[in-house]
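In order, the protein sequences belong to chains S and F.
Each residue of the first sequence is one higher than the one before, counting from 1 in my numbering.
Each residue of the second sequence is one higher than the one before, counting from 1 in my numbering.
It should be emphasised that the hints constitute simulated quantities derived from the structure, not laboratory data.
Please note that a few of the clues may not be correct.
Calculated lysine-lysine pairs in the DSS-like style (CA-CA distance at most 30 Å, straight line) [unchecked claim]:
#1 F:Lys71 to F:Lys91
#2 F:Lys91 to F:Lys124
#3 F:Lys124 to S:Lys266
#4 S:Lys266 to F:Lys39
#5 S:Lys266 to F:Lys91
#6 F:Lys71 to F:Lys124
Which residues of chain S face chain F? A partial, calculated answer using Cβ under 8 Å [said to hold, decoys possible]:
#7 Lys2
#8 Val11
#9 Asn13
#10 Leu14
#11 Trp15
#12 Gln267
#13 Ile282
#14 Gly284
#15 Leu288
Glycine is no exception: its CB is placed at the ideal position from the N, C-alpha and C atoms.
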Amino acid sequence: MKLIKAGINFVCNLWNAVTAVVTVIVNAYNAFVTWAIEFIQSTLNALFGPLIDKVQSMSDRYCSNVYAACGLAQNDIENGGTLSDESKIALSQAIMGDLFIVLMGAVVVISVALLVLTVVTGPFSFLTEVVASMLVSLLVVSMLGGIVSALGIGVEVSQAISDVIGSLFVYCGGSLEDLDYLSSAIDSIIVMFDGLGAGFIAMCPGMPSEYIHLGYDLAMAALGLALSLYSTTFTVGAGTILFDTVALVMCGYALYELNTERINVKQRITRGLLENTGQTIIFGIAELVAGVGVLKATWDIYRDVSS
Amino acid sequence: LSEAVVFDNPVYWRNIIIRGSIYGLAFLLAIALILTEGKGMTIVELGIVALMALILFYFFVGREEIAQRPKRVEIVDTGVVLHRRLLPGRKMVSWEEILSVNIYLGDPSKVGQEYLREAYLWLKNERHYLITRPTALAMREAYRARFGSYPLRGGPRCLGP
């Protein structure tokens, strides 16, 4: 009996000792993780700070140029129905402006910073990926943050979609302030591709203006697909999930809008207000692009989350 | 109307096949894109993508042909009765609830647009149902017999006589 009691006491003492040691180790680990995250954040902030400032100062000019080019294109469409060569050049120059060059520079800086931090943090390099991906997202949204207000175009993005993205962003560790930037960025991206969609419709000979929404939706679907295809190239870790979710939302939203618009166009054709000379085939193409985007992004998200 | 007139409202298989093939092709293309990344694909992942494709197909194609296409349409004195396709039961729609009956008034076979044989019944709450052309023509005549004029045509965003 005494032997059993002694055995139980021994096990209890051993357990307490192990628990104490584990607690010390966990506390030390947590302290180290906190320090490492702060270290990585401050390093990347030091690198990105000037870059973000520069980008923000450029974004106003960039937006003005895009806005002016869109105005020219709109004039052409209203007056002649087609886009003049001058407008095409102005539009392409405005879209492929300095901001793209800076973006390329940012990609180089990010790559180098990630490499250096991965070496410095050694076995804890996974933290670099988590923090860096958040900062990369922040960089992107900072660049695009001013475009919506500059263009002054309203975009219908349902509250539910924004909430889903917002929840995921906060879940991934983003702050509410960053979330505001992100919301603006998503709107901005949609506006940019709305512009490209308008250009697409304008450049298609014989495409009636009633199909303008089709161009928007096709452009949005193409952007969503592109985001899902290149999400792992642009960002890592939580950032990849974020990009893939945005891709899923964009493709899903494009699909929803395409179906709404398809029914609307069908009503107009049936009523005899619009002639169908084959343009409705583009609905099928756009639906295909958006469908592939939704499926690819779904797989990406599942793979990201499970890994 | 002295007695109810009943019209069958069969599924428009051409729509299901053409638009369904778009989602089938999207599924195959997505699989091809995933495999070109070189990371492989498990059975579970294949199942998830297939399930998503089926959900998209139902939401954007199947729902219209099942939930929004009644099995039979009955024209009665007070309105129309829509018989549900899969579930038992029926929905009574009074003439006052109808926003428009959208139908192509020309000859669809002459313009070569097969889908113009289909017609839409729009309600004031912006719900819509797919009905066949003979049903829509009969509905228009019944409406005129009651109100003295044909119902409006077009959808909520393009209403007109």
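We went through each hint and held it up to the structure:
no.: 1; hint: F:Lys71 to F:Lys91; in the structure: 11 Å, holds
no.: 2; hint: F:Lys91 to F:Lys124; in the structure: 15 Å, holds
no.: 3; hint: F:Lys124 to S:Lys266; in the structure: 19 Å, holds
no.: 4; hint: S:Lys266 to F:Lys39; in the structure: 42 Å, violated
no.: 5; hint: S:Lys266 to F:Lys91; in the structure: 25 Å, holds
no.: 6; hint: F:Lys71 to F:Lys124; in the structure: 21 Å, holds
no.: 7; hint: Lys2; in the structure: 56 Å, violated
no.: 8; hint: Val11; in the structure: 42 Å, violated
no.: 9; hint: Asn13; in the structure: 46 Å, violated
no.: 10; hint: Leu14; in the structure: 42 Å, violated
no.: 11; hint: Trp15; in the structure: 39 Å, violated
no.: 12; hint: Gln267; in the structure: 3 Å, holds
no.: 13; hint: Ile282; in the structure: 12 Å, violated
no.: 14; hint: Gly284; in the structure: 5 Å, holds
no.: 15; hint: Leu288; in the structure: 5 Å, holds
Comparing the model with each earlier hint shows violations of hints 4, 7, 8, 9, 10, 11 and 13; every other hint is respected.
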